[in-house]
Amino acid sequence: MNQSLGPAQRTLPGAGIWWETRASLAFVERNLYLVRRYWHLELAFLIFNVASAMSVLYIGEAQMQSGGGTGEGRFDLVLYLGIGTVVWAYLRAVFSNVGEMVAWERWEGTIEYTMMAPISRLAHMLGVSLFSIVYGLIRSALLLGVLALFFSVDLSNANLGGAAVILLVGSISFLGFGIMAAVLPLLFPERGEEMTFVISSILLLVSGVYYPISVLPDWMEPLATISPATYVLEGMRAALLDGTPTMALGPSILPILILGVVTLPIGIAIFGWGERYAKRTGRLKRSG
Amino acid sequence: MVATLERPSPEHRINTETEIGSAIVMSRVIEPAAIVEHVSKVFIQRPLFRRGAVKEVRAVDDVSFAVGRNEIFGILGANGSGKSTLIRMLSTLLIPDSGRVEVFGYDVRRDEAQVKRLINRVSVEASFFKKLSPGENLAYALRLYGRSGPAVRTETYAVLERLGIARDKVSEPLEQLSRGMQQKVAIARALLTSPVLLLLDEPTTGLDPRSKLDVQGFVRELRHGHDATILLCTHDMAEAEALCDRVAILEKGKLVALDTVDGLKRRFGAEMGMRDPSLEEIFIHLTGRSLAEDTEDDNE
Chain A
1 MNQSLGPAQR
11 TLPGAGIWWE
21 TRASLAFVER
31 NLYLVRRYWH
41 LELAFLIFNV
51 ASAMSVLYIG
61 EAQMQSGGGT
71 GEGRFDLVLY
81 LGIGTVVWAY
91 LRAVFSNVGE
101 MVAWERWEGT
111 IEYTMMAPIS
121 RLAHMLGVSL
131 FSIVYGLIRS
141 ALLLGVLALF
151 FSVDLSNANL
161 GGAAVILLVG
171 SISFLGFGIM
181 AAVLPLLFPE
191 RGEEMTFVIS
201 SILLLVSGVY
211 YPISVLPDWM
221 EPLATISPAT
231 YVLEGMRAAL
241 LDGTPTMALG
251 PSILPILILG
261 VVTLPIGIAI
271 FGWGERYAKR
281 TGRLKRSG
Chain B
1001 MVATLERPSP
1011 EHRINTETEI
1021 GSAIVMSRVI
1031 EPAAIVEHVS
1041 KVFIQRPLFR
1051 RGAVKEVRAV
1061 DDVSFAVGRN
1071 EIFGILGANG
1081 SGKSTLIRML
1091 STLLIPDSGR
1101 VEVFGYDVRR
1111 DEAQVKRLIN
1121 RVSVEASFFK
1131 KLSPGENLAY
1141 ALRLYGRSGP
1151 AVRTETYAVL
1161 ERLGIARDKV
1171 SEPLEQLSRG
1181 MQQKVAIARA
1191 LLTSPVLLLL
1201 DEPTTGLDPR
1211 SKLDVQGFVR
1221 ELRHGHDATI
1231 LLCTHDMAEA
1241 EALCDRVAIL
1251 EKGKLVALDT
1261 VDGLKRRFGA
1271 EMGMRDPSLE
1281 EIFIHLTGRS
1291 LAEDTEDDNE
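One line per chain: the protein sequences are A and B, in this order.
1 is the number of the first residue of the first sequence in our numbering; add one for each residue after it.
1001 is the number of the first residue of the second sequence in our numbering; add one for each residue after it.
Some clues are possibly wrong.
[To be verified] Some, not all, of what chain A presents toward chain B, calculated at C-beta under 10 angstroms:
| # | residue |
| --- | --- |
| 1 | 23 |
| 2 | 29 |
| 3 | 36 |
| 4 | 38 |
| 5 | 42 |
| 6 | 46 |
| 7 | 109 |
| 8 | 135 |
| 9 | 244 |
| 10 | 246 |
| 11 | 248 |
| 12 | 276 |
| 13 | 279 |
| 14 | 280 |
| 15 | 282 |
| 16 | 285 |
[Claimed, not checked] Quick look at which bits of chain B chain A covers, simulated, 3 or more residues with Cβ under 8 angstroms:
| # | stretch |
| --- | --- |
| 17 | 1093 to 1102 |
| 18 | 1109 to 1119 |
| 19 | 1123 to 1129 |
| 20 | 1142 to 1156 |
| 21 | 1278 to 1286 |
For the record, the hints were derived by calculation from the structure and aren't laboratory data.
C-beta: ideal position from N, C-alpha, C; glycine also.
Looking at chain A on its own, in the form it has when it is part of the complex (with noise of 0.2 angstroms):
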């Protein structure tokens, strides 16, 4: 009892790789503890994406009835519109859950008390991204194993290795921008959610995830320039449509790598000037 506390003699808890790494998984485990408890909530969600994805792909279905198209080319279509519905459920539920990091935190009341814990902000974003893309896998094939089960789908020409290597450095981008989104609600306590979901609609709007970004307007084909979504479905469709070698989706996989080196960081960036604007002018305190 009583020894000195000062800087030089105490011995501190924590700091290292090792440590904040598995101090990280605190929010895996928290994340699966809240999916538990909210599982008639996350079921309605799966109801809600699958019914979704459905109705998007009969009306490929009508189309190509209704078209005349070859047998060939209707089944490309729903292949096509296949691909988009599951990629985007994909991406957006990384994006949604690295996005809500803070949202949820600030709504529950407890954002104060995980900011104040001795773990670093990386290790915090590193356990979030790790359920993101866990949460977001399971939840895409569940979606996909439904579709199946509905819509006869030859896999047989596909490259699936490509296909998950694009998914896989896709997600970097997107945790970047989720990261950028969960500055959000710590910037704006009572409107930042709402703008996160802007951002994921414009996403979804620019990014051909159901159409060929041909059809957009001149003025916005830029934005699908921007939006790494765009470059995952186009390699995703290469792949498991026309069966691209994965050292030919080069021009998918560049692009995409490109973004996630550049997101990630300035999405952390951001985060990190975001909590301390915060801390600055009291933006943390409990909203809700």
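Since the structure of chain A is already known, use the hints to place chain B on it.
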């Protein structure tokens, strides 16, 4: 006033003179756990996208004090007096506009990561994921402090049980527990992370008398059993008298008194013409209002 004078050590000696109105309060603390020196915090409320008056709230105004190691230091103040703002600055959740805030020699701005490893906080609201159980909430919180595994789980159950939370309640969603029980889980969270500086922001507000006594017992135990220093913001004069070695009184962001309860009684009793004034009477004398009128300090 001298507090916590164990193991005098010249390098840790501080000697602060703070002018408070007409009185000079001497605060000499050896081995300070926390130093707050000429600290100010102003909040500016500026309407976004709209024209309107900019509102400036001076929440903390040039406040200085030092908390001795192993001391229980009380802060009394009405709503909006700056108590919670001070606690947030010590917790690294708010950046002071000016002045110095240190925890065991670490600056809250420069050494934020180190400070976080030394502190924890219990606030007036038990802030948890309400759908999660006490066990799940504590597992999450403890992992953030690098604590996990079966031994920690056993310790968690033991602490909760000692706080009067039965084993069958540990798995129930927290929203189904009473406010008193939720606050005890918050105390358990702080206890299990073994902070050397515990910041308590009205931890017993709204609790029934029994729960209040339980929490106060734990505060004492934390000090003696865990060698913790405790900074306690409270509305409860009896609680302040029972627990605190020294008490600071804040009014509109300014420190208006700082002494032991007996010291305050001696000094202001003479001024008030009373032989043994209560803490409540001293508070009214210094601030012109009663703390009983305030139930929550959530507007700072």
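Each hint tested on the structure:
no. : hint         : in the structure
1   : 23           : holds (6 angstroms)
2   : 29           : holds (6 angstroms)
3   : 36           : holds (9 angstroms)
4   : 38           : holds (6 angstroms)
5   : 42           : violated (12 angstroms)
6   : 46           : violated (18 angstroms)
7   : 109          : holds (4 angstroms)
8   : 135          : violated (16 angstroms)
9   : 244          : violated (43 angstroms)
10  : 246          : violated (38 angstroms)
11  : 248          : violated (44 angstroms)
12  : 276          : holds (7 angstroms)
13  : 279          : holds (5 angstroms)
14  : 280          : holds (5 angstroms)
15  : 282          : holds (5 angstroms)
16  : 285          : holds (8 angstroms)
17  : 1093 to 1102 : holds (count 3)
18  : 1109 to 1119 : holds (count 7)
19  : 1123 to 1129 : holds (count 5)
20  : 1142 to 1156 : holds (count 5)
21  : 1278 to 1286 : violated (count 0)
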